[in-house]
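Reading the sequence shown from the start, the letters are residues 1 to 198 in the UniProt record's numbering.
Just so you know, the hints here were simulated from the structure itself, not pulled from any lab data.
Note that the coordinates shown come from a computational prediction; the quantities given were computed from them, not determined experimentally.
One or more hints might be untrue.
Stated by the list, open to error - Lysine-lysine pairs mimicking DSS-like chemistry, simulated, CA-CA at most 30 Å apart:
#1 Lys144 with Lys25
#2 Lys139 with Lys25
#3 Lys32 with Lys139
Said to hold, decoys possible - Estimated spans, in silico, between C-beta atoms of each pair:
#4 Asp184 with Asp87: 41 to 49 Å
#5 Asn183 with Ala104: 22 to 30 Å
#6 Arg191 with Asp82: 24 to 32 Å
#7 Lys32 with Leu194: 38 to 46 Å
For glycine and all other residues, C-beta sits at the position ideal for the given N, C-alpha and C.
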Amino acid sequence: MNLHPFYPIFDDITWLERLLPQGIKLVQLRLKDRSEDVLRDQITRARDLCHEHGATLVVNDYWPLAIELGCDWIHLGQEDLDEADLDAIRAAGLRLGVSTHDRAELDRVLALQPDYVALGPIYPTILKKMKWHRQGVEKLTEWKALIGDIPLIAIGGMSVPRAPGAFEAGADIVSAVTDITLNDDPEARVREWLEVCV
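Using the sequences and the hints given, assemble the complete structure.
This is how it looks when you write it as structure tokens:
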């Protein structure tokens, strides 16, 4: 499986409309606290926009809508795994990415034969309060040795200067959120990311 090494995550379709033209080829739409109609509209538009730009869309959490709308990828957190119908997800042909934070979670996820494994937060993150402390790039090396050919994603506090260290430690893909969305020039920052993630 050939996923692009740069994996931004955005919380609204407007970010995709604005930044996909910069050359993004792998993106997650992580919507929170939206009505069913808004969710359906945003996921549909994101699906079509990614198709137009030759990008892979990963839908966070909303697997029934991802199935209904013919999406290709779903990302689930550990809590989401408790409620998701994994048989339905696989039967629909969706590829599955899952978050991990410790060895017990990794063991659980590997039993599901995921299409990628995310580890985080590699560095402290301001995006959301988490019970998990900084994992450090060293854990990427450990995880990669355990998961083999499954793509490994580094997430949490990632920035352009930190990306090379994550790749050197074993990450196949680096994910970014606030390093882009809080930047004074998100377009220029995306271009920097694309230069470092080759």
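Hints, one by one, checked against the model:
At most 30 Å may separate the alpha-carbon atoms for a hinted pair to count; Lys144 and Lys25 meet this at roughly 23 Å. At roughly 26 Å between alpha-carbon atoms, Lys139 and Lys25 fall within 30 Å of each other, so this suggested pair holds. Annotation: proposed proximity of Lys32 to Lys139 holds, straight-line Cα distance about 29 Å (limit 30 Å). Separation of Asp184 from Asp87 is about 46 Å and conforms to the stated range, judged on CB atoms against 41 to 49 Å.
Checked against the hint of 22 to 30 Å, the pair Asn183 and Ala104 fails, with Cβ atoms roughly 35 Å apart. Distance hint for Arg191 and Asp82: a CB-CB separation of about 39 Å, inconsistent with the stated range 24 to 32 Å. For Lys32 and Leu194, the hinted distance range of 38 to 46 Å is not satisfied, since their beta carbons lie about 27 Å from each other.
Of the numbered hints stated above, those contradicted by the structure are hints 5, 6, 7, listed in ascending order.
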